[in-house]
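Chain by chain, the residues:
Protein chains: 2
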Amino acid sequence: MPASKATESATPSLPADDFKAIFRGHPGGVSLITADAGDGPVALTATSVASISVDPPLLVFSISALSSAAKVLTRATTVVVHSLDAQDIDVAKLGATSGIDRFAQKQTWSRLSTGEPVFDGVRAWVRCEVIERVQAGASTVFVARALQSQIERDSELGQPGNGLVYHNRTWHGLGEHSRLDS
Amino acid sequence: MPASKATESATPSLPADDFKAIFRGHPGGVSLITADAGDGPVALTATSVASISVDPPLLVFSISALSSAAKVLTRATTVVVHSLDAQDIDVAKLGATSGIDRFAQKQTWSRLSTGEPVFDGVRAWVRCEVIERVQAGASTVFVARALQSQIERDSELGQPGNGLVYHNRTWHGLGEHSRLDS
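If you read the sequences in order, they're chains A and B. Using this note's numbering, read the first sequence as starting at 1 and increasing by one per residue. Using this note's numbering, read the second sequence as starting at 1 and increasing by one per residue.
Do not take every clue at face value.
Unchecked claim - Under the rule of at most 30 Å between Cα atoms (straight-line distance), these lysine-lysine pairs were calculated in the DSBU-like manner: (1) A:LYS93 x A:LYS20; (2) A:LYS93 x A:LYS106; (3) A:LYS93 x B:LYS20; (4) B:LYS93 x B:LYS20; (5) B:LYS93 x A:LYS106; (6) B:LYS71 x B:LYS106.
Unchecked claim - Partner residues aside, some chain B positions facing chain A, computed with beta carbon under 7 Å: (7) ILE89; (8) SER110; (9) LEU112; (10) VAL141; (11) SER149; (12) ARG179.
What the hints contain is simulated information worked out from the structure, not anything from laboratory work. The beta carbon of each residue, even a glycine, is placed where N, CA and C say it ideally should be.
Same shape as in the complex, but just chain A (with noise of 0.2 Å):
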């Protein structure tokens, strides 16, 4: 085969320590995702969630095969994608942390009519139909359309919803003091 017709897919992938820099100092917007295939709830904190398209509503999130939310997220037609805000850290960090059950403090999470386990109080929250799946490396993209919404904090309402980020291994909060014009 010529040279020139050599493809990217021959080029050596980027080493992890030198991949993993780059995201560490990429900020990524706080989320928490819920589901039950019918056998118990799970929920995990992700900050790969985005909107990709208005009208449908879509959004995209991926989750890793190691994650123990994983299996059941496989499974689940609908998702709860809770969009956190700073006062809702300690959201956060439950869903971010292994081990524990993240359902044990009951006054903290009811159902929806449809069934889907939703955390009470957070900024907003929206249940989601998934729509594909993507495999890719170990994780999986989703592709979700919403269907269903409550927000509980909005500053364009004049109440403080001040964003959650997480950013070099470190969690921030937004507002007045963060903005960088006017």
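For this one, chain A is given, so just place chain B on it according to the hints.
Same frame as chain A, now just chain B:
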């Protein structure tokens, strides 16, 4: 069809305004994505970039079909994802402004030996091979494998690489002032 067989697909989607309100308040780390499929460079600012796997090193992002860069990104086999920090706000704004030539300032960018356009001096960039494109509504979700990277500023190395975030239609900078706990 019995009611119990009704699928979520029959459930109406969330109204666009409700969906926008959820994500207006959801913080996103800021990236600039560049590519050249052979007929000139394109660049756009995105808040949807996320790491999905370390081995192989994979990331995901999405692009609206309405973006001026969408057509080129449909054909490009490689892209450069620039992970921006607060010092890079001018680059972030450049890629978010419509109707301008984003490559007019020739001293701000160069080409890698492999041909892709890269903006100089930003916090970090990673050159990737596009390995999957998934159509979702009016957008495309890209899965890309990391090939090569460069980090200019890394707070773990003591360099002040303060994160750049977009939230509630405003740019925010992360740092000691935004840390929630130590």
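Consistency of the hints with the structure:
1. A:LYS93 x A:LYS20: holds, 21 Å
2. A:LYS93 x A:LYS106: Holds - the C-alpha atoms of A:LYS106 and A:LYS93 are around 17 Å apart, at most 30 Å.
3. A:LYS93 x B:LYS20: holds, 26 Å
4. B:LYS93 x B:LYS20: holds, 21 Å
5. B:LYS93 x A:LYS106: violated, 45 Å
6. B:LYS71 x B:LYS106: Holds, at about 23 Å.
7. ILE89: holds, 6 Å
8. SER110: violated, 19 Å
9. LEU112: Violated, about 12 Å.
10. VAL141: holds, 6 Å
11. SER149: B:SER149 check passes; min Cβ-Cβ to chain A is 5 Å, inside 7 Å.
12. ARG179: Nearest chain A Cβ about 6 Å off; hint holds.
Comparing the model with each earlier hint shows violations of hints 5, 8 and 9; every other hint is respected.
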